[in-house]
Every structure is written in structure tokens, then in C-alpha cells.
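Protein chains: 2
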Amino acid sequence: MRAHLLTIGDELLIGQTTNTNAAWLGEQLTTRGIRVARSVTVGDDASTIRRELERAYADATLVVTTGGLGPTHDDLTKEVVADYFDRPLATDDALLAQIRSAYDRRERDMAEKVKDLAEVPDGFDLLDNPVGTAPGLWYQEETGGRERLLAVLPGVPTEMKRIAEASLFPRLEQRSDRRTVTHRTLQTTGIGESDLQAEIGDVSDLLDDEVHLAYLPSTSGVRLRLTSYSDRSDRAAEQLDRLEEVLRERAGQYIFGTGTDTLEAVLGDMLRSRGLTVATAESATGGYIGHRLTNVPGSSDYYLGGVVAYANSVKVGRLGVSEATLEADGAVSEAVARQMARGVREATGASIGISTTGIAGPGGGTDEKPVGTVWIGYADDETEHAVRQKFLQDRMMNKDLFSTAALDVIRRQLERKEASAPAP
Amino acid sequence: MRAHLLTIGDELLIGQTTNTNAAWLGEQLTTRGIRVARSVTVGDDASTIRRELERAYADATLVVTTGGLGPTHDDLTKEVVADYFDRPLATDDALLAQIRSAYDRRERDMAEKVKDLAEVPDGFDLLDNPVGTAPGLWYQEETGGRERLLAVLPGVPTEMKRIAEASLFPRLEQRSDRRTVTHRTLQTTGIGESDLQAEIGDVSDLLDDEVHLAYLPSTSGVRLRLTSYSDRSDRAAEQLDRLEEVLRERAGQYIFGTGTDTLEAVLGDMLRSRGLTVATAESATGGYIGHRLTNVPGSSDYYLGGVVAYANSVKVGRLGVSEATLEADGAVSEAVARQMARGVREATGASIGISTTGIAGPGGGTDEKPVGTVWIGYADDETEHAVRQKFLQDRMMNKDLFSTAALDVIRRQLERKEASAPAP
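Protein chains in written order, with numbering that gives the first Met the number 0: chain A, 0 to 423; chain B, 0 to 423.
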């Protein structure tokens, strides 16, 4: 099955918004064995959208649109697709009631124009929207032996993704005209792409037309994507097992998870299964570690909270950091990182205290402590230590990298403990 | 002058790379008065690239391509454009010498295939590449009274940008057929797209072919984009002033900034100029407010830090929340929100304490306090209050919305103070 993407919105053309929707849909469809052959962005103009639908269906079976689904006058997608497939719009009463009740629950009045959201082209299915008011739309028809499939999604990325995951992909996965493709992802952190490649070395004897390996770098780490195109599932599993074994042998210490695991979720499971709790003492990361830990549902099982010690006065007053140490070593130092980790552990009664103190930039760097320097402190009932890391990025990326490094310090410490524990 | 973008590369279609080139070129061309009417991404396939060139020139004067300019076998752009314009490729000796010398300086051997980089279609100009080996290309021709302009740029963003800035934009800026376009953006928060539209009501008497208004929603708020296409800058300013005045009259309380302002940066400026400091007591947001505040360079001027009080024991132990109140009202309550805000203010000595306690989901909701409920507490030296907000989103979006609402509580409080202050 070939797909074309049609992303709609003036804001994409004038560069006010980067088209992350196309990238995400491209990746998601590809991993499901659907080939994305072309991706087109046009503005909020009915005749242009229509012309691109025609062009897309000249080549593709499936067209996925994003954008232009809201209640305002420049939202034209629904009208255009209804017209293109000659399917008149009519109010869907159940949908209208659902939208009205969403407004009621938020205790807000519903504007007249919002009712347009409940209009659906005849013969189209709704794709449930678990997080917003406007659902997506699905349509399929076969005329003259040619099948045309259409998915209409909103432009707001979070809504688009949730609708696609909940309602669109399950439909597509039922189809037999996909290329068989088996993916496996290993998640690494704490090592850059080139270094990881050097650690892993040559694996070309395991790769061929049927078996691929891709390095996918991001700020939180490098993902290794293993792919088999074999249409025999046992053969694919065997190929990927063999490749995974070699990768784990050579770079296992950097691999923290598989699939779409996040470091914070993997760490959360480790803490929960060991009955441990953690508290955070954040300076350089400003609360970001707490945010990441609490992004995981159920994190209250193991995360108690902590202190954002951005000002030195808070480090002293709330965490018991010594003023003399701050004076002698500076805030970005091993001693302060350790005192912060120890202090938050004592203040909260957590099993583990973790801390960050560093220079995210752009200001504040010195020759000795350049922008991108961070000390990460760790304390539990048996051990206390701090490690220094250096990154070379801008403020936002540094905060991201600092927080990832801190979460990984806990993960590695727990793994070390596990490894050195006497057999039961 | 109308432009189409043609971004080339399999990695863009399968989502391995997000298409930041299209966004950047869109913004740069738009601000130079060149209308980007369409943006197409295709893979590394000669016939597809050629077909898209044909489609583009059916509508546009200028086509800008990125990607497919390197030395490997899947780099096809140069061959395709040479063929499309019927301009044979020939080696440019000066360029070959330049490429050879770059290899010598890096003490590397030049592979045979690299020589292909020095081939240039007859009649094409080079666009100097200050940072890499492959230059961009420029071509223009007029046939049958129709002008066609072509810029061919590499796909690596840093190289693409440097070539465009150094060699492409100066050429385009000399042309007289650019449309003058003036944008202005108003940033709102605390109100959804439909509600904002209802507040603003009908402004069609201020809009016409020359003046446009767009609503651009995201989780942090709705941006209002005002555009004038008048070629007289005084007239454009007047048009946008008039429209902005009406928008501010009708929805001013929701407008926190202009351009690319963020709420945290605007709030930071307000705090700094008033000599105030703030501390955070976060339960539901888990540190995210601190993270957002510290994303702003220089935030140590006004942000002291605070407490992430995820567990009730931390609310009691670190913020002085009363156990009796927790027992009687529950953690997600007005009284606890107020005690948290008051507690963190006292613990840190900040001018303002702000707190969140709520249910981000997916678990923990009840009929009385459903998922998406948050209490936001505010305390300063004169006043203390808490507001309840209800959202209907998933965990990540709720945390985002809670934190935006909390930052906006401070902003509104400071504006109210300003408004009620006696004239100096």
C-alpha cells in the first residue's frame, strides 16, 4: 500500500510551525509496512487542497491529511473532502451531544460555530479523539476496481497522534496489502552516535537486503532500530535475535530498554520492584527531573518529590548545603552535588537522593567550568558519590541532557547493586 | 513572486529526519515577501523529482530544492534539473580544484566519486558554500514570456542555511516582484480557539484581500497572526494597528505577549522589572513549572526554586501543610493549594508562592474530582487565594495546561496589582 501525506496550514508554509506531523506519520506508517511515497504541504485554500487530493490518488491508495479541522473560517478540510468524494455534510447528533457534554464538563458555554464540528460527510466514519473535541474522519470506497482510503486528522500534534494511535493504526493494521516488516528497537543512553557505532563495530555479516540496522540519534539517546523484511515471522525473529545478541554483547551497558520505553519509565519499574523511593534536588535542571519522573503514570509509588534549589539560599536553607563549601568550591562542584543529594534524602526520607548542579548557559560559564558542565550527586543508605559530565549544547538541550544523565546515574547504580548482590 | 519548495530525501518521508529545512526556508522567503504556496517532499527517485518540478513550475516562478546533492548514488537532484532544463553537465575545473584542495587540507584522499561534485549544468551559477564541499546552484531562464527561477541547495541544514544566506537571498532581494508582507503575532493563553473567536466576534469589516487574521492553537495557547499584504509600510502598520486595537479591546486579558514571546519569559520580565521573586510548590506538575521558568536565560534573577511536593509527607514536612486539612479536604483542594503556596513562600523567602495540586491522570480521578482537575494556589505579602481549573486531557497535556494556568495566575495577579495601584 502506498500512502501520500497532505499536511494543511498556512503556518506550515510560512515556517511558523515545523511540520513534525509529517515526520511522525511517516515513521509510524513506515514501521507498519505502508510506504509513504510523497508528502505535500499546502495552505488553507480549498481549490489547492482539492487539486492535491486528485494528484495524491493518482498514485496512492491511502491519503492522510492533517490540519484544517477546527471550527474557524480557515478550516476547510472537511468541506473539501466531502465535496471531493461527493458526500454531503450532515450533523452527527451523537457527536454534537458529546461535544456539548465536553463543554458542560468544563463548565463553559459552547459557541454557535462549534456546532460545525459535529458535521460529518455522509458515509464517513469517526476516528475517536480521546483528548479533544474534534474527531478524525475515515473513509474508504472502491470504484472501478480502484480503492481509495482517506484519513482526516487534526493539526494539533498531540490530538493527531492520539487519534492515529487509538483509531487509525488499528484499522490499517488489519489490512493485508502491507509489506511485512518486523521492527525491534533498542534504546540506549549515555553515548553518542559515533562512539556507539565504534563500540558496536562491524556487523555487516548480519545485515543484508532483508536485515537492516539504523542509528537514530536524539537528545535523550540513540535508538538502534533493527528491521527484518522477511515475510516469515519465525525467520524475522531469528534474524533480529541474532543481531540483538551481538548488539547487547558489545554495547549492553548503554541499552536501557526496548521499543518505546522511556528512561524514566524503565527506572520507575526498577524502583518499584525493589521497593525503593527517590527524591530530587535540582539546581541546573530546575525541576525537569521531577517533571520527567512524574510524566509516568503511577510514579507516586516511588517518587516522593524534592527541592528545586535554584538559588544558593534554597540550597542552604532547604537542603543543608554548607555555606563554607559554596564559598570554597562554588555551587557547581562535587561537594555541593553530594550535599544536595544527601540533604534531599534526609529531608524527605527517600531511599535515594539525586541532585544536579551545573551551568546550562548561555551565561555563567568560566574557563574552569564552561557552559554545559554539570555535577550529578547520588546518595542512598550505603553510598554517596558525584560525577561530572560535560555537554556542548544550548540551554534547553543541556537541561535535557543533564536530566537524562541524572536518571541514568540512578539506573546504573541499581544495576551495579543487582550485579554485586550475593545470589539468594 | 510565488515559490514552491521541493525537499528531497527518503529520510524525510520515513520520518527519520524532521523537515526543518522547509520550515526555515518558508519563514525566510515569507519575510522577504516571497509567497511560499506549496511544499513537497519526495524520495530519492529521478522520475518523481522531475514530475514535481513540472508541477511546481505550472504554478510558481521560483522553485527551491534541498537534498540529493551529495556524492553518493542516491543523490540525483543535479542530474534531474540538468535534464529538466536540457542543460548538459560539464566539469567545472575551478570547482574541482577547490574541492581537491579542501580534501588536501583535511589530509584525506578524495574518492573518485567525489569528482562528480564538480559537475555543473551548463548555464547554471554556483551558490558559494562557505561550510562544505558541495556548492548550491542557481538558474534562471525566460522562455515564451515565462520566467523560471531555480535554487538547488544541499540537505544538511547548516550548509543549506549558510548557502541561502550568503548567496541565494541576496539574489532574491534584488528582485522587484516580491510582495510586501507584514506579520504581527499576538500570543494568548487561558482560552480555547472557539471561545477566543467568540470573544473577538466578527472582525470581517477589518479583513479583506490585503489584511488577514489567523488563529493558531497549541497547548500553551492560541496565537493570533495578523498579516498585511500592503506594499506601503505605513499603510500596513495602520491596518495592523487598527486590527490589533480591536483584538486587544475584546480579548486583551488573554493576550500576554507578541511575536515569539513565551509566557514564562514575559512573566520573568514582569517579575524582574518589579523586583519580585517567585517560588514554586508543585504537586500535580511535578517540577514542570520550575523547569519552564528556568528555561529562560537569566531566570535566577527572580526564580528562587521551591519544593516538589508529590507525596503528602513532603507537603506536610517541607511546606507545613496541615495533616488535618489533608484528612478533611483531601490533597486536591483549595485549602491545601493555599497552604502550599503560603508554605513555599515562607520556606524560601520569595515575594510570591505559587502551587499546583491536582489529578493529571490517567488514574486517581473521582466523580467529585475528575482527572484534569487542578487547584492553583497563589500567595504574596498582601493576598492569598486559589482557583480551580478543569481540563479534559491526558496526563502530559494536563501537566502542560496546569503549568500554563499557574504561570498565568501570577501574570494576571501582577496585572491586576498594576491596574489597581494608585497613580504615582
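By construction, these hints were calculated from the structure, which means they are not laboratory data. A portion of the hints provided could be inaccurate.
Since the list gives no way to pick one copy over another, a pair counts as held whenever it fits inside one copy or between any two copies.
[To be verified] Below, a list of computed lysine to aspartate or glutamate pairs in the EDC-like style, where the Cα atoms sit at most 20 Å apart:
(1) Lys114 to Glu172
(2) Lys114 to Glu322
(3) Lys112 to Asp204
(4) Lys368 to Glu381
(5) Lys114 to Glu326
(6) Lys368 to Asp268
(7) Lys389 to Asp399
(8) Lys160 to Asp393
(9) Lys368 to Asp393
(10) Lys389 to Asp108
(11) Lys114 to Glu78
(12) Lys368 to Glu244
Earlier hints that do not hold, by number: 1, 2, 4, 5, 6 and 12
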